[in-house]
Amino acid sequence: MGIVSETSTFTKILRPVLAWSVGILFFFPIFWMVLTSFKTDADAVKPEFLFFFTPTLENYLNMTENYDYWRFAQNSVITSVFATAGALAVAIPCAYAMAFNPSRATKDVLMWMLSTKMLPAAAVLYPMTFLTKSLGLFDTHFMVIIVLMLINLPIVVWMLFTYFKEIPREIIEAGQMDGVTTWGEIREILIPLAWGGIASTALLCFIFCWNEAYWTVRLTTTDAATLSKLIEGNRAPEGLFFGRLSAVSAAAVGPIVVLGWFCQKQLVQGLTFGAVK
Amino acid sequence: MSDRRLPRLLQTPAVVLLLIWMIVPLSMTLFFSFIRYVLNSLRRPEWTEPSLSNWRGFGNYNYVLNNNDFLLAVQNSLLIVCSIVLLTVILGVLIAVLINKAFPGRSIVRVLLISPFFVMPAVNAVLWINMILDPVLGLQGLAVEGLNGTLQNLRAAPGIGWFFSLWPELQPISFRATQTSAYAVIIMVTWQWTPFAVLIFMTSLQSEDQQQKEAAVLDGAGVWSQFRFLTLPHLSRPIAIVVMIQAIFHLSLYAEIEIVSRGNGNKNLPYLIGEFANNNIGAASATGIFAVILANIIAIFLLRMIGKTLME
Amino acid sequence: MSGKSALLGATALVCMAASGAIADGHGKELTIAIVNNGHMINMQKVAEAYTEATGTKLNWVALEEGVLREQVTSDTATGGGQYDVINIGMQEAPIWGAAGWIEPLNFSDAYDVEDILPAMRAGLSHEGTLYAAPFYGESSMVMYRKDLADAAGVTIGDNDSWDNVKAAAAAMHDPDNGVYGACLRGKPGWGDNAAFITTVANSFGAAWFDADMKPQLDSPEWNAAINFYVDLLSNYGPPGSEGNSFNEILALYNEDKCGLWIDATIAASFLENPNVAYAQSPNAGNPVGANWLWAWAFAVPAGSPNADAAQDFIEWATSKEYVQAVGNHPEFGWGSVPTGQRASTYDLPEFQAAAKFAAAEMAAINSAAPEPTDLKPYVGVQFVAIPEFPQIGVVFGQEMAAALTGAKSVEDALADSQKAADGIMREAGYYE
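Residue numbers (my numbering), protein chains in the order written: chain S, 1 to 277; chain C, 1 to 312; chain W, 1 to 432.
Hint data in this document are derived by calculation from the structure and do not stem from the laboratory.
Glycine included, every Cβ here is placed at the ideal spot set by N, Cα and C.
Hints may contain errors.
What the hints assert, rightly or not - To give an idea of the interface, some chain W residues facing chain C are shown, with a C-beta separation under 7 Å as derived from the structure:
1. Pro188
2. Glu242
3. Pro387
4. Val394
Stated by the list, open to error - Using C-beta positions, here's what the derived DEER-type ranges look like:
5. Leu147(C) <-> Phe262(S): 46 to 52 Å
6. Asp147(W) <-> Glu169(C): 22 to 28 Å
7. Lys356(W) <-> Leu147(C): 53 to 59 Å
8. Glu169(C) <-> Thr129(W): 58 to 64 Å
9. Glu169(C) <-> Lys46(S): 21 to 27 Å
10. Phe142(S) <-> Gly406(W): 49 to 55 Å
11. Leu86(C) <-> Thr64(S): 40 to 46 Å
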């Protein structure tokens with residue numbers, strides 16, 4: 001690529017400078033949060049300690065001592081993993097059917113699915129609280145998993161649908177000729193072919209699950225409480241709190257940011273094959 | 001050819017699950033929106049049970065429509081969603097084009113750029129409103145204070161002092177004010193979702209037809225016309241995707257509204273519902289139904305505009 | 001009930017086993033919902049001894065105030081059962097008691113209910129029955145920088161006039177050097193700016209409702225009070241006051257950016273600058289001073305499967321022994337004991353030595369009157385103890401923030417608040 005017109009010194013210098021500036025600008029708030037998490041609450045609001053201060057681990061130690069950070073983290077991992085797995089398990093067959101055996105209603109069904117995500121959660125808080133409690137599912141991993149799965153199902157179905165559509169029909173139909181069962185087709189042909197797309201969909205779904213903060217806060221007390229609940233408890237405690245809050249925030253978003261970094265290539269590759277090609 | 005019924009049936013688990021997920025709470029909301037239903041009342045204890053005998057027809061709807069905040073909430077819902085979508089698409093395209101070509105450290109820049117997308121909404125909001133945008137203790141306040149200090153020093157400088165005394169002192173902007181709080185929400189959500197747009201556009205640009213582009217260059221097409229006639233059309237589908245997903249997510253913004261200003265000046269429909277739900281479930285439910293209607297209008301609108309690009 | 005049960009009938013058959021398993025089984029275990037305030041966080045450590053002594057395991061759920069209220073309300077309104085002990089305030093206690101959402105509290109003689117400050121007991125009871133026990137209580141008072149006031153040649157006395165307070169704020173106001181005369185609450189919320197503004201209004205002789213529970217926000221007293229508040233804060237307050245509540249102002253004050261601050265007495269225990277003086281809240285010539293009354297209290301929600309253990313825990317957490325336990329705790333000491341709940345705490349010499357603000361706080365609490373007076377026909381000082389108040393207070397708080405930022409005139413903001421309050425009261429069936 002780039003044999004023509006891309007060689008001028010202007011673009012050679014300006015592009016990297018601009019790109020780096022934008023990158024640093026976007027990352028700065030996160031950097032700032034992490035930096036603040038190593039300041040005491042009192043130092044965090046003092047201009048003289050803006051960049052140079054005596055770093056302390058106090059906030060992190062407080063967090064693990066006063067709050068059961070690892071339990072919250074564990075719950076986040078469990079619920080996000082199972083919700084993502086559940087969503088994929090339901091969505092893959094659905095997207096398969098929509099992509100390879102579409103009916104006239106398929107597009108409307110897809111659109112309807114997406115529109116269910118627009119319903120305001122606040123409107124159904126009481127019905128949902130009521131239902132989960134009468135089912136005895138309040139504050140259980142099971143309920144959180146189900147809710148996270150259903151919230152993200154529309155997007156998962158839709159993304160998979162766009163990936164699957166890119167797979168030439170003939171490949172699937174060849175399988176059908178050979179007398180492979182539908183399940184065999186999905187397992188042996190579809191999943192290996194669309195692996196990149198499935199992986200990046202799963203990753204996105206996992207991020208959305210991890211960051212969900214309406215239902216995970218409101219349908220749990222202790223047993224199934226995730227990191228978003230830890231944040232809710234710490235976002236405005238009495239007194240000075242920037243340091244404490246930064247530490248809790250960094251610890252809550254840390255795992256997912258690092259996961260995102262590692263899977264970034266995968267995410268990009270996966271997306272390239274599907275919807276956005 | 002194998003039987004086509006089984007594959008069709010594979011849709012049913014997803015459809016049925018979503019149908020239940022939608023229908024059960026929605027029908028309860030619909031029911032509550034037609035009755036008197038409050039959580040606690042010392043005057044009318046009978047209203048605390050959701051029963052048919054508390055039927056009041058469209059009374060709740062009437063009350064909500066006559067509420068000063070209702071129109072405001074609809075406006076804010078639209079303002080916030082549309083601004084964020086517009087900003088993220090524009091910024092996303094520009095940044096994606098910028099980092100599409102190789103340069104030293106591109107993979108690091110990519111990592112830096114994508115990171116905000118992984119941050120929890122509540123963390124995003126407290127981080128921005130307290131530590132960055134606060135007019136006194138946040139970085140904004142400190143920056144303004146520092147600049148004003150520099151200005152003071154320059155004014156005192158001999159010779160050039162008169163020039164700087166013509167400059168006005170900077171005033172920090174309060175982002176929790178009635179006039180600005182919606183913009184604070186727009187800024188922080190745009191920060192978080194621009195990376196998503198960049199991610200999508202970037203991957204799309206990688207599959208752009210380079211030969212076509214080079215041919216265009218040989219034909220004497222400038223940078224702008226390349227962008228306008230080759231890149232933008234190529235991006236139409238990813239843009240549709242970004243618009244769709246964001247409309248879905250941002251219509252139900254809640255935590256950001258709460259944390260920035262508790263709904264002062266930036267109240268959207270979900271937040272108004274939350275306020276009613278303090279006690280008056282009937283009114284909250286009626287507002288919920290309005291929100292559902294708004295969501296559907298937007299969905300139909302989007303379908304008209306970009307549905308074709310989206311589904312092909 | 002019919003609609004509710006019909007919808008449930010279809011689904012309730014499933015998973016009944018799960019609910020039973022949680023309720024009993026593993027001995028005594030209490031789930032406690034708390035606001036994330038310093039005293040509560042300390043309690044989690046002090047309570048380790050309680051767990052050791054009684055074998056009761058304690059699960060803490062710390063939440064932001066608004067979310068806590070929402071969650072406790074949604075749990076209690078749907079039959080309870082998720083929490084055994086809940087942290088509620090003075091606004092909720094009498095109402096929830098009346099609604100049967102929380103259990104009446106019965107303590108042993110050793111607990112000494114009479115020792116709890118009378119104002120606290122009155123505010124947490126309904127028809128003479130105590131429904132919540134105060135963990136710590138507070139009033140409000142003026143805290144100001146003695147050094148700045150001296151330098152400016154001004155003083156603030158107890159129950160000083162508002163005009164004098166304003167003059168003092170003006171004298172200390174020096175924005176070029178980063179000092180703002182008055183730091184006051186402006187962040188919307190019925191427990192935030194509405195609480196402070198209501199105390200100002202009280203002192204101007206204004207009241208939320210008349211005897212028929214009709215809102216009075218269009219009265220001249222309200223107008224005078226709000227004009228004064230907006231004038232004071234927009235002229236002598238820090239930029240962005242509409243975003244400031246307790247935490248934000250505390251940070252500003254500790255950064256030496258505030259001349260005077262009128263807020264919860266508890267703030268005194270957080271102040272770093274030694275140049276601090278206290279004064280009882282100002283008034284405008286009315287017998288009701290501009291100070292509020294609040295308590296963070298513990299209650300047992302109806303439907304708790306462990307009501308007895310929960311009562312036992314509350315008895316411990318709000319006892320004289322608890323105060324001793326905190327005072328003698330190696331990590332905390334007498335500067336950290338919860339205050340404002342018991343008269344006996346203020347008699348302890350160790351406490352008097354550690355808390356310089358004790359006398360001012362006690363005086364402020366004792367001068368607040370939650371019960372109905374000639375000026376106001378309802379229970380509550382900076383709030384009204386009716387279920388509809390939070391909704392009214394939220395709208396009012398936003399209108400006041402709009403007035404403060406200049407998005408609306410004071411008159412419009414009050415007129416719109418009046419309209420909203422009237423609508424809410426009408427909706428609630430107080431009048432046609």
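Status of the hints after comparison with the structure:
no., hint, result
1, Pro188, "holds (4 Å)"
2, Glu242, "holds (5 Å)"
3, Pro387, "holds (4 Å)"
4, Val394, "holds (6 Å)"
5, Leu147(C) <-> Phe262(S): 46 to 52 Å, "violated (40 Å)"
6, Asp147(W) <-> Glu169(C): 22 to 28 Å, "holds (27 Å)"
7, Lys356(W) <-> Leu147(C): 53 to 59 Å, "violated (39 Å)"
8, Glu169(C) <-> Thr129(W): 58 to 64 Å, "holds (59 Å)"
9, Glu169(C) <-> Lys46(S): 21 to 27 Å, "holds (23 Å)"
10, Phe142(S) <-> Gly406(W): 49 to 55 Å, "holds (51 Å)"
11, Leu86(C) <-> Thr64(S): 40 to 46 Å, "holds (42 Å)"
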